[in-house]
Every structure is written in structure tokens, then in C-alpha cells.
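**Student:** Chains Z and C, in that order, are what the protein sequence lines are.
Reminder that position 123 of the first sequence reads as 122 in numbering that gives the first Met the number 0, one-by-one numbering, no gaps.
Reminder that position 489 of the second sequence reads as 488 in numbering that gives the first Met the number 0, one-by-one numbering, no gaps.
Sample of chain Z residues at the chain C side, in silico, Cβ under 10 Å:
no., residue
1, P164
2, P239
3, T242
4, E253
5, W268
6, T285
Reference excerpt, derived from the structure (chain C facing chain Z, CB under 7 Å, subset only):
no., residue
7, M40
8, L44
9, S58
10, S466
None of these hints come from the bench; they were simulated from the model.
Just so it is clear, CB atoms sit at the ideal spot from N, CA and C, and this is done for glycine as well.
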Amino acid sequence: MSVDTTLAQVSNVLVYSSMAAYSGALLGYATDLSSRGGRSARAVAAQEKVLVGSGAPVDDAAERPPMAGARSSRAAGIATSLTWLATGLHLAAVLTRGLSASRVPWGNMYEFAVTGSFVVSAVFLGLVVWRRDLRWLGVFSVGPVLLTLGLAVTVLYTESAQLVPALQSPFLVVHVSIAFISSALFTLGFSVHVLQLVQDRRQQARAAGTPPTRGAFMDRLPRAADLEALGYRLVAVSFPLWTFTLVAGAIWAEKAWGRYWGWDPKEVWTFVIWVVYAAYLHARATRGWDGRRATYLAIAGFVCVLLNFGVVNIFFSGEHSYAGIG
Amino acid sequence: MPDDLVASRSDAPRPERDDPALPSLGAIGLLRWAWRQLTSMRTALFLLMLLAIGALPGSVFPQRGVDATQVTRYRAEHPELSPWLDRLGMFDVYSSVWFSAVYLLLFVSLVGCVVPRTRVHLAAMRARPPRPPSRMQRMPAHASFEVEASESEVAEAARELLRGKRYRVDVRGGAVSAERGYLRETGNLLFHVALLGLLVAVALGSLTGYRGQFLLTTGTGFANSLVAYDTFDPGTWVDEGDLPPFQLTLDDLTVAFETDAAGNQFAAPRDFEAAVTVVDEPGADPVERTIRVNQPLPVQGTNVYLQGNGYAPVVTVRDTQGRVVKSGPVVFVPQGRFYESPGVVKVLETEPQVGLQGIFLPTWEMDAERGPVSVFPDALDPRWFFTAWTGDLGLDGGEAQSVYELDTTSMTQLTDDDRTPFAVGLSPGESIDLPDGAGSVTLERIDRFAAFGVRHDPAKGWALGFSVLAIVGLVASLFVPRRRVWVKVSGRGPEAPADGPGAGVIVVEVAALARSEDPRLEAEVAQLTTRLRERLDGTATEPNQEPGE
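Using the sequences plus the hints, can you model the full thing?
**Tutor:** See below:
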């Protein structure tokens, strides 16, 4: 039953170290985006003059200047290296935290935040390995990770300790780890979907003849339709995982509490998230709902994910009250 | 119903058809119109959103089906608002008329979608893949190459290649049509049918199952029958007189709480274990078992769960003559992380009757402001503080009364000589005489009690089975790509000589159409083209791939 406090201390130091590295990565990715923006804004301005002069129709693809120069890709490269370093430190922090109490490191909200943000970062790196041109997503992945870690160490911090009896089950590993991966994919999907809406608005403005004056970095990001497709794929992968989380949770609830479904606030919200994302998948295939309107549903789904973590854990009493916030 | 499950919904994205002139609606026409509205995708979407919104109040307001005492407390705290909330069903959201209406309509809509779709799908699986389009290059993915071969050689090579990639292939007039990914739609239908099955399993479980709760203090036993339960919640089809007749005795209850960690982890529970003896049916051999949280005990088709624990001080009350009028463990229900346990001892056998009202503190300490408090949940330094009342307990009328509360309306509080209320604390082994010759009270020792839940749900295996089927179907419906591929010969190469070497050079066209989300369609066409070319002439040069429209 004892806890290795030294190891728990090491974990805390590692969390701070990874936050430092993430900050560097965030800076690098931001530099990358802004320098992309700087170049492309000039390029777009130059092109627009030509287009106006010739009276040619505004073609969105035509406005996309060639890939930004060496400076931005170097910044992106450094940022990605730093993200690898930060994620490595982050992993070490998660492992030492778990080892300090000889159990999985997700027994309370602090640990859930630290481990969950690690999974977001790991999934982002996985995407970058899969498609190197997804590095523009860096700011929008590392940013939330850093935010979550900041919240974890300031508000949610809980001393390393053993688990309450209700959590002592193999299902803690199965149910929660899949929930992590699913939440991470929803998080990245949310980032992509928000960018899609911004990009969509910019494209509409441009089509209407009033090109946006700010946020030139957006011009270097994929087109709204491509962002929409990427966001959909992230959600499509996540949705079955969330379904699995729901089912595994129900099996566990049957073992722990004697019923597989009891409308506990956490169960309600997990169900609501499932329904909202199901609505998103349906909306995408409904005439009049595809495009922006479907994306609003996906964003609503992620808002529910955030509420499920941030509000339900703390303010709604139920059998999932493991937050450990005193 | 992602992608193409919705194709049969009347408003799914597909080529517009000319709307026929509106016929006059008779009764049947009206029904048909209503049915079409209900089964339209837009309605399903609307109902899904209503379902999500409708489920939310149940997480904000306490629910009778989850915790009835919380509802009572909430109603007492919000006397103005509560009647309105109750009228709207806010305390019974998941059994309310409006919530049931939403999910039942959703499932009706689902049936209305799945049935015609299944028909369409079965027909599609028997039908031949459609003929190639006349203009192959207008397909989303398209490639062409020249090769010296005959049309039939091309068709044969394409057929073999596509068969190897598990396409359904049909060769008509030298042109090859192929389609794959029927599993996507099968999975889609499976997912939705499994959801229906799940709903039925849940309903059956609540009709044929039951759940109940009972408390045992250490050393006491339970025999499974209706009267032995503190609460019992049977399904409509349950025969309450026919419960499996097992018996269960609580031999010992061990508990462990956090002592090392500081902060909010201090005193958190670490382990609860109930050692029990079970007799499966009268006459069977008793068996020793343990029940822990997350480790229920299966007995006779039911599961017995350890759901709570606390203290049961063993109290002996004697009357003025010193006769024992009450003796035994009294359950005190713990509250909060330090197990401060309010409780009541009712003595009916005396005249006037005696009621002791107080609080049990497992590890007590005197707080300067709040008086005696508990600082740890385990019984390290237990003490029982109580005040005493005499009069009529109000139990003679036969009205139901909580064993945890004292109705003092017909009672007077005993006071000390100085007219202040009599209040005293006892540790185990200590006794005290009550004022006014009302007798004496002894705290013999501290026993523990365990709260057990019994659950019988004959349909839970079905619910699990349908859930697994739903996941399998969902994965297939999201990730199996559904594609059509066509290969055909479009004519002789432009530079082919009329005869001599190279006279047999023809142009082979490969085109594909995604029938679902399919980011790998172009890669598939490129790969097919390369392989086809390899088969036909043994060389592997780059095909002239053209981007589709």
C-alpha cells in the first residue's frame, strides 16, 4: 500500500520539464505559421493585383503560393523535434507517476489530465509521422496539451496514492485507456474543425470579393474541404473507440455497482457525447446539413467532452466522483 | 448511419428527382406522408439532437430511479421550484413520457430506415455491378495506358486482378465492371439492428429482473425472500414469491483507509472485503466466500454486491429496575469521508418510550468551533454522543417511519439538573444513567455493518452481445471502402500502325467511383493500373494518370 514519494517527485519535475519543452515547440510552430503567413500574405496581395487587373475569376487554389521557404520549415522541424522531446519527458512523467503507486496513472483528475494530454501529443506525433505535411496542426495540438498540463499542475494537483476500491479493476486499464485515445482524437478533430470554419469563412469572404485582412497564416493551411475531410476522419476513428468506452464502462459498472446502466451523471454525459457525434455522422450525410452545419455538431460534441471532464467530475455528484479535488 | 446507410432516406444527398405533382392526400396518403416524414433523415437527426438535449436534465437534477433520497432532499431545499420540476418529469427524466417518446420515435424512424435499406442491399448484393460509364474520364479516379493485347486478354487479366482484390466482377462485352465493400452496408445495417436488439434486451432486463438491498451487521444472516430486503425493486414480470432461496451470513468485514498520503487522498478508502458464508439452497453445504467492490458474488443466477459499510454500535438499554429492555447492534449510516454517523436508538418496551438521538464518531476529536468531530473513518478512538428523549415514539399507530430518524413531536428532551439538555459521549464499555430515572445506557462494543445489493438481470448477456455486434457493425460501416471499378478498352492507340509490329496496341481505361468516404480511391486506381499493365506486357511503367473532375 505504500507510495514511492521520491518517484512521485520525479514525476512532478518531469511534468514541468515537458511543459518547458512544449513551450519551445509551441513557439516554433507559431513561428512557422506566422512566417508562412508573412510570405503568403505578400504573395496573395501580389496575386490579387494581377487577378483584379485581368478580371479573372478568383480561384481559391490559384491563390495558394508555393510552400513557404526554408525559414518556416526549419522552425517547424525544430518544433517537431522539441515535441518529440517534450512527449518523451511527458511519457516519463506518466510512467513514474504510475510506478510511484504501482498502478495505472489515471486514478484522479490530475492524473487523467496529465495522461490524457500525453495521449493527445502522442496521437499528434503519430499523425505527423503518417503525413509530414500535418505539421501545421502543431500549434493547435501542442497548445491544448500545454493548457491542460498548466491546469493540471495548478488546479488539479493531487498527491500520488493508492486507488479507492471502486477503481481497483482491470477495467480501469481497458475502459479509461480507450477513453484517452478517443478523447485525444476528438480534441485534434475539434482543432481541425475550428480551423475549417475559419478557413470556410475566409474562402467565402474571398469569393464575395472582400478578402480577409488578418490571419494570413490561414492561407497556408489546407482548404476548408480538406480540413473538413481530415476532421471527419479523426472523428470517424474516434467514434467506435468512444462506443467501446461506453460498452466497457457498462460492463465495469455491472461488476462494480450491480447495473450496467444507471443514468449516473457521467454515464449521461458519455451517452450524450455519443449521441451528438452520431448526429454529426448522420448530418454529414444529410442534404442541407453537410458542410458547416455538420461541423457545428462535431464542435458541440467536443464541448460536451470538455464539460464531461471539467464540470461533471467536479460539480455533479455521482458514482464516478473520483476527481480527488478537495 | 454514416455515409450511405442514409441513401434510402428520402432526403439523403443523391441526384435530385423531379418531384411528382402533389396528389390529394387521403387518410392513407396522410399516413404515408407522416411515415415518410418520420423516417426521413432530417427527422432522425432532429430526434438524435432532442435525445442528447433531453438526457441532460437527468445529470443536473437528482433522479428517483438513481437516488430517491437525493430527490427528497432537493425538494425540501427548493420547495417553490420542485412541484414544477416534478410536473415536467425532471426527477424521472429517463422514464418520463417525453423522453420515452423521443427514443421510441427514433427507433421507429430507424426501423423505417433499416427495413427498406435491407431490401435494397439484398437486391444490390444479387445484382450485377453496373455497366461502365460511357465517358470513363469523368469518374473521380481515372487512368489509361496503351498496351499490345487483345480486348479479351485485358478483360481476363482485369477480372483475375479484381477477383484477387475481393471485388465482385462482371464481364460484359469485353468491359469489366467490379464492385466491392458490400460489407460496409452490411455493417451499417448490423449496427442499427443491434441497437434495436440492445433496446429490447434492456427492456427485457428491467421487466424480468429485480434488484434489492439489505444490511447485515457482522455475525447476522440474510435469507433471500421479499421480507428480508430493505428495498426491493422488481420488474413487472417478476414473481416476488419465487426468489432463489439462498442464505448469506456476514462473518467479517475488513476495511482499510489511506493513512500515508496527505491532502485530499488522506483517509480515502483503499479496501473493503466482506467474508461471508453462503448456503445456495436450504440443506446445501455452507461455503465461505468473499465479496469485494468490483468482485460480486454470483449466487443462484443473481449477483450479490458489496455496496456500502459503516458502524453498528452495540447498545444495551436498561429500565429503572435494571432490566434489559433493548440490546443489540444499531445501524448508524455514515456521512462524509470521516464516517460521521448519525443514528437513533428507539426503545419501545418502556413506559414512557425512550429515544436516543446522536452521532457516532469512529475517531473522535474535540474541535474548538464545531464540537466533537471525526478525523478518520476507521474506528481508532470511537465515541458515541447522544441526547435522550422520552414520550411516544409514534410507532404504535403502525405508520411507516425511518429507523434512522426520531420523531420528537410527542416526546420531551431529558435535561440535566441545570435545565440544559442532557448530552453525553460514551466509548465502548462505558455506561451512563439517564436523568429522571429513565434507565441506563451501555455502549458494549462497536460492530460493523455491510450494505449488500442483489441484482438479477437475465437479459444482460443479450445486451452485451448486441453491444458487441453494434461495435463490429459500426467499424465495418465506417472503414470498409465501397468502390466501383471499371476496366474497358477504348480503342486503338493513336500512333499504332495499321498492321505489322505494334498493330495490336490498344488503349485500356481504368476508372473508379467511391460510394463512400474513400481517401484511397486514386491510389487504388494507380495500383490497379500498374498491376494490370504488368500482367499484360510484363513492364511496369508509369500510367498516364489524370486527375478526375
